[in-house]
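Protein chains: 2
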Amino acid sequence: MSDFHVYDTTLRDGAQQEGLSLSVEDKLAIAGHLDALGVGYIEGGWPGANPKDTEFFRRAGDELRLRHATLAAFGATRRAGMKAADDPLVRALRDSRADVVTLVAKSHDRHVELALRTTLEENLAMIRDTVEFLRAGGQRVFVDAEHFFDGYRDNPAYALEVVRVAAEAGVEVVALCDTNGGMLPDQVGDVVSTVLAGTGARVGIHCHNDAGCAVANTLAAVDAGASHVQGTLNGYGERTGNADLVTVVANLQLKRGRDLVPAAALREATRIAHAVSEVTNVPPYSRQPYVGASAFTHKAGLHASAIKVDPNLYQHADPEDVGNDMRLLVSDMAGRASIELKGRELGYDLAGDRALVTRITERVKAMEAQGYTFEAADASFELLLIEEVEGARPNFFHVDSWRVITDSRPDEEALSEATVKLSAGGERAIVTGEGNGPVNALDAALRGAIGQSYPVVEKLDLIDYRVRILDAGHGTDAVIRVLIELSDGEESWQTVGVGHNIIEASWEALVDGVTYGLVRAGVEQSEQSEQSERA
Amino acid sequence: MSDFHVYDTTLRDGAQQEGLSLSVEDKLAIAGHLDALGVGYIEGGWPGANPKDTEFFRRAGDELRLRHATLAAFGATRRAGMKAADDPLVRALRDSRADVVTLVAKSHDRHVELALRTTLEENLAMIRDTVEFLRAGGQRVFVDAEHFFDGYRDNPAYALEVVRVAAEAGVEVVALCDTNGGMLPDQVGDVVSTVLAGTGARVGIHCHNDAGCAVANTLAAVDAGASHVQGTLNGYGERTGNADLVTVVANLQLKRGRDLVPAAALREATRIAHAVSEVTNVPPYSRQPYVGASAFTHKAGLHASAIKVDPNLYQHADPEDVGNDMRLLVSDMAGRASIELKGRELGYDLAGDRALVTRITERVKAMEAQGYTFEAADASFELLLIEEVEGARPNFFHVDSWRVITDSRPDEEALSEATVKLSAGGERAIVTGEGNGPVNALDAALRGAIGQSYPVVEKLDLIDYRVRILDAGHGTDAVIRVLIELSDGEESWQTVGVGHNIIEASWEALVDGVTYGLVRAGVEQSEQSEQSERA
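Chain order of the listed sequences is C and Z. Using the UniProt record's numbering, the first residue of the first sequence is number 1, and each one after it goes up by one. Using the UniProt record's numbering, the first residue of the second sequence is number 1, and each one after it goes up by one.
Here chain C stands alone, though its shape is the one from the complex:
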């Protein structure tokens, strides 16, 4: 690895995101993931400014076993008009015993006057004193030059002076911050070049995505000579977020040939990005570059035959390099080639059987014409595939009938109640379930009715439910498509149901989802004998 800094600020600037709130345990978990990704520096928070961050640094020393990363504490320069040693917030930075302290310093004259309410000269003294105090205690010091690009536009001489003063005081790197996020790449590149030429300081870059250019701005700074990049996992951050660190690193490493993190660690990026979104409880963004669920997903059936010959004609990078997968969507443009590829993805080699592929392709097309979609319902497609390959659909239970009732209640939310009559494992069951909606009620009744025969269904959870009206404008003839996502705690899968009645379409998707869950769990089909008895 080179001396280039990959500096993560998920735990500090990322945590500024609206609706994101991290406990100390969350922060420790994320720090572990960041280390596995191979970043060089993890900014853990602001010890002294809030008790959670103080505790994080206290526990990090004992509990984190970092292999790659160095922990950095974030803080501000001393207050105006006092000694650094007398400022309790500065002392807390020293007490954090972090190897690196990153100090935020104002570099925009108007902000010094309006937010700090002090003089430009005193601001420079605050930087100098604080850096020297921390350096004297043995800590390495970085500086975040806040609002640098806006400041440089309004008063270039002062902005440069801030960098110079910091460097002279012993700062290792001055990260130029586009705090308001409005810069465009050419501006960032020009300013970084000027700062490097004018100060001799080592320069870093910290970008926000307000103009949709955080990644490109970071690259422009690196092209101009910056050798320290800041960013956050999944681009978390205030407003539109910070530069997405994985995208930045993947671009630099895979497209610019820079050696920033171990290749094996980068191959964990997709897993890590998703694991962190489990910790933050912010749903993953499927269109996220490199690691998004859709990032290497292709729809057009047109190209499927060419994709088979050379997938690299249709992808900008090898998804394996970031731990992602190429995925083909079965869509109404689908042809034989994409069905074959999709089969291979699911572990079925269909290539040898032309008649089978034709049959599946035609069935998919006919169902899609009715309103089904398989691109977001892999599990329904796999059940169809099993049915065509093995001659019968997996069949664990036989439903006689169901009914669901929803009643208004005065001064309370409405209540739904469902009754399902079915036979499973040779036993007939009539079970009623309640829910705060008709689908929850049906789900409860269905799983109640088959739970005795298949206890594994108790682990399943209905985690998402989507409804789409097709042919809107046709009033009561509208076709309704329901997508349901079930999870067994480890993985999740989606199924689809279609019909004129929303409840019936939901029921179809639910039955598919539970059936797929039983297939996945390796349950034996005890219902087949029952079925033949009936026949």
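These are computed hints drawn from the structure, not numbers from a lab. Check before you lean on any hint, since a few could be wrong.
Copies of the same chain are indistinguishable here, so a pair counts whether it falls within one copy or spans any two.
What the hints assert, rightly or not - Below, a list of computed lysine to aspartate or glutamate pairs in the EDC-like style, where the Cα atoms sit at most 16 Å apart:
1. K52 x E368
2. K459 x E491
3. K52 x D95
4. K421 x D407
5. K255 x D186
6. K255 x E320
Quick caveat: nothing in here was measured; it's all calculated off a predicted structure.
Since chain C is already given, all that's left is putting chain Z on it; use the hints.
Same frame as chain C, now just chain Z:
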């Protein structure tokens, strides 16, 4: 406006997004929004390649009243080894009667050989013939040079030849496509410069976001001389999506001083982006640049006083220029202006009554925090406005209770049956209605029950119904938002309902929709006396 082209491809390339599927009605609605945004060109789809797109172009001529935009049909060059005039797909482009046809042409030699399976020479002939055929029929022709940047890297001479041949055949603009989305801004800028210098063609740019640089790549192309930008609303598109057209336009117009769309139209951008996400049923992304709900949101505290003195110190652009609002997470600065504007739009002058505007703003905020949205539910907002202005909500009937039952039926679709008990016009009614879904059944029962008192409700039709699950991932605690559209045959209006139970949320929207229909019809509220009798 300059001659610069703002070219939208939401309806064609945007619709390639995983999980996005647009009906003809959806496409017509989105085209109306795009026109309101002031784009120059709307690519409507591929007539001839699928019946939905053929129908879109057929209906667009009659139903769309475009003020700014020109409609473009997308299609491919003729097949190898035949005349353009004999290719039914090319003929369909002419028959679409679109003013502009945008032809996709291969410009990467490997793709010509592997995907088209023809010679490099024949590919050039296919471009020449198809362009000349369409030009002879009086249509303007643009070309999308597919995989241009990868093609240029592998075989620059051939890629340039494609541009030259297209320009010589009479193409107005050749859009260079980063189809795989992996380019970085410096590469894009260099190639665009070279193409402009080497061919004399007018150059456009079409970018995807696979490396997180779609917006920056588009800007780099414009800086190098491209004068036609393609993109999609909300950055919809395959994989990681296309360049977000609003971000591109806002950057060029607000930061580069280019005059691309009317300033008043750009001030509608936030509303339009959200309205379109209601049509596509893709949840809006709160961190989206310029138009995201969080795009101008600040965690107040530290900087609050400085923000009050000069908000521009903390924002990269004026949120009003894109119709967004600065929002402080702990205080109340947002909304008032837009509530006033909205009131004026609906015919209520609220400007004189500060307390009233504050009350409405706070109520809207509280309801939005629960999951309501009024962007696509004008009728619900107007009912709320009437309630606050006049002291009481329009009230034509009093509901005692409702119930809906859905039953499976062997070998038939499920049937729903609803019973509503209410009093209207002094009469108590208990009416049961059937439907092929629970909402249709409730609609039938509700209108049956009030129809005797208010015969005008027989004219109303339930024409659209949309469901969105908020807080997906929270399982049974999920909040459900229902949008309903009713029509009286002349105009239509939308209402919103929110709750944990999908049926109850639908009922709320339905009651609002019917109530609004009665207000619209000028019906007198005979229920008020009945209400007071009960009290």
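Against the structure, the hints come out as follows:
Taking the closest pair of Cα atoms, K52 and E368 come within 16 Å of each other only across two copies (14 Å); inside a single copy the shortest separation is 35 Å, beyond that limit. Taking the shortest alpha-carbon separations for K459 and E491, only the intra-copy value of 12 Å comes in at or below 16 Å, while the best inter-copy value is 49 Å. Taking the shortest alpha-carbon separations for K52 and D95, only the intra-copy value of 15 Å comes in at or below 16 Å, while the best inter-copy value is 67 Å. For the homomeric pair K421 and D407, the shortest alpha-carbon distance between copies (12 Å) is at most 16 Å, but the shortest distance inside one copy (21 Å) is not.
Taking the closest pair of Cα atoms, K255 and D186 come within 16 Å of each other only across two copies (12 Å); inside a single copy the shortest separation is 20 Å, beyond that limit. Taking the closest pair of Cα atoms, K255 and E320 come within 16 Å of each other only inside a single copy of the chain (15 Å); across copies the shortest separation is 38 Å, beyond that limit.
The structure is consistent with each of the numbered hints, conforming to all of them.
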